[in-house]
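Going down the list, the sequences are from chains A and B.
Just so we're aligned: 312 in the working numbering is position 263 of the first sequence, and the numbers increase by one with no gaps anywhere.
Just so we're aligned: 100 in the working numbering is position 94 of the second sequence, and the numbers increase by one with no gaps anywhere.
Calculated directly from the structure, the hints in this document are not laboratory data.
Keep in mind that the hints are not guaranteed to be accurate.
[What the hints assert, rightly or not] Straight line, CA to CA, 30 Å or less: simulated DSS-like cross-link-like pairs of lysine-lysine:
hint : chain 1 : residue 1 : chain 2 : residue 2
1    : A       : K77       : A       : K149
2    : A       : K149      : B       : K104
3    : B       : K110      : A       : K77
4    : A       : K105      : A       : K187
5    : A       : K77       : B       : K104
6    : A       : K187      : B       : K104
7    : A       : K149      : B       : K235
8    : B       : K110      : B       : K35
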Amino acid sequence: MNAQADVLVPRRSLSRILALEARCELLKMVRLPAYALPTLCFPLVFYLLFGVAMAKPSAQLDMARYLLATYGVFGVVGAALFGFGIGVAVERGQGWMLFKRATPMPPVAWMLGRLAACLVFGAVLVALLFLLGATAGKVALPAGTWLSLAGVLIVGMVPFGAFGLALGYLTGPNSAPAVVNLLYIPMAFASGLWIPLDYLPRVFQHIAPWLPTYHFGQLALGVVGMGRGEPVWQGIAALAAFTAVSLLLSWVGYRRDEGKTVG
Amino acid sequence: MKSERYEGRPRTAPPVVAQLRRATRRYGKVLALDGLDLSVRAGEVVAVLGPNGAGKTTAVHLLLGLIRAHAGEARLFGLDPRSFAARSRVGAMLQISKVPETLKVREHIDLISSYYPRPLSRDAALEAAGLGAVADRLFGQLSGGQRQRLLFALAVCGNPDVLFLDEPTVGLDVEARRGLWEHIRERARAGCTVFLTTHYLEEADALAHRVVLLAGGRILAEGTPGEIKARVRGRRIRCRTSLPLAEVAALPGVRAARFADGPGSEVELFADEAEATVRALLARDPGLADLEVRGADLEEAFLALTGVDVAEEVAA
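Isolated chain A, as found in the complex (with noise of 0.2 Å):
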């Protein structure tokens, strides 16, 4: 068969193929907008409805920053849970995992790939965050913290993704949704990324501690001054610790897969 490959062909590349992978997830995005739009826009709305519309003058918090931070790790989380999570349940669902394991896709730029495609979503999240957030919420921060905020929210996908990663593995595609939501959804509001934690009842304040998107959160807030003080090792270690546990669950979840398929 030698005879017919085509000498022009580029030669097998980790970074190549990292490429492809984060390409051909970008564009499923988007021509396939339903699935990533309302990621996008939830985050948006929310921030519009509470950071700026109920927001009243004179409170003590300023609101149209905090909830910028919030928010912006509320939306990222959603984009990383949701394109890595569902992502994954789906495409084994289909066998189309199953048919990548049987080439010699290399896992890690597969991997990657599509964690790359991830943070790309989530900076057009940001950005499009941060513009409300300068116009409509009137925030001013110097160039520097805004830099800053957006480097946190893009960096503290990983973690998330990762999550996102085993939850893929070990849930199924009908079940993953329901799954991410439930886990989502709670896990944000009680970390204080929905409304902040001083304004919720007392028993959050224990809680939260517990849950990788309070340390999230906490960092983010660090960045525009409105964390509760901790340390930022500590955010980061927490958020280490998570990412560590949950590739582990990945690597579990892919081993399983091995003895799972049935034919």
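Based on the hints, put chain B in the right spot on chain A.
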């Protein structure tokens, strides 16, 4: 068996490229493969033929390293099928319900071929599956035949030495089926080893050098398509008779007999020579009614080959 034929002259025998050694695989309590031994040599086209649940897909998945054997082992090129060295030399067409629908044919091919160290060019892969005209179409816009050919293109785009095709033409109409056969033959002519599974004796006959009949996770028979066809040439006879089942089963030329729908219902039998059997039936039972004779389909042929049902039904 072809592999046996080679044994006397090992110097000229092409190497074994895919092998199952006493492979056993269960799903819960169901035994999908029961100590299966199977070897495929370079350049061969082997068809594994069998009814649903025979273990065909399990055999393919084991050889591709997608599942683990509970006993025995699977080897590709003498290697672990999960190794990169093995995977980069095989292509697979699996039974997939859906492929991402919002990607174009050429985008799918570009991505999958990027995994392989020495892939075909995009144009060569499109041509190998006759998809040149629809390269810019989304998967979701393709016809059933074109979808199946895209899966074939994805199997061959890595320029593999061995091609695994799990029921490649299932659900296709006659024309689409023949079209895909031609593309499979082309690969085989180019030197690719092909391991395919199928329900259809006709498909095995059209493509394979060697046919392996599989049922209940074991090999029932193995040979050239001609040899296999000769063994399943039997006829199915159905009738309403007052004769006891044991007597019917003992008639000349009968391989197997059973009640079609439980005791007391019509009797179904499988015979090599329908004429002699029918003559004997009519002579013994003048009241015989609803006589029907037709060619046995594959599943019935299996029954005739194994005859397992006879003993069970007679004992009951």
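Results of checking the hints against the structure:
Annotation: proposed proximity of K77 of chain A to K149 of chain A holds, straight-line Cα distance about 17 Å (limit 30 Å). Our distance criterion of 30 Å between C-alpha atoms is met by K149 of chain A and K104 of chain B, whose separation comes to about 13 Å. Only pairs whose Cα atoms come within 30 Å are accepted, and K110 of chain B paired with K77 of chain A is accepted, the gap being roughly 10 Å. A threshold of 30 Å between alpha carbons decides the hint, and for K105 of chain A with K187 of chain A the separation of about 13 Å falls inside it, so the pair holds.
The straight-line distance between the Cα atoms of K77 of chain A and K104 of chain B is roughly 14 Å, inside the 30 Å bound, and the hint therefore holds. A threshold of 30 Å between alpha carbons decides the hint, and for K187 of chain A with K104 of chain B the separation of about 47 Å lies outside it, so the pair is violated. About 36 Å separates the Cα atoms of K149 of chain A and K235 of chain B, which puts this hinted pair outside 30 Å; it is violated. For the hint linking K110 of chain B to K35 of chain B, the alpha-carbon distance of about 42 Å lies beyond 30 Å, and the restraint is violated.
Of the numbered hints listed earlier, those contradicted by the structure are 6, 7 and 8.
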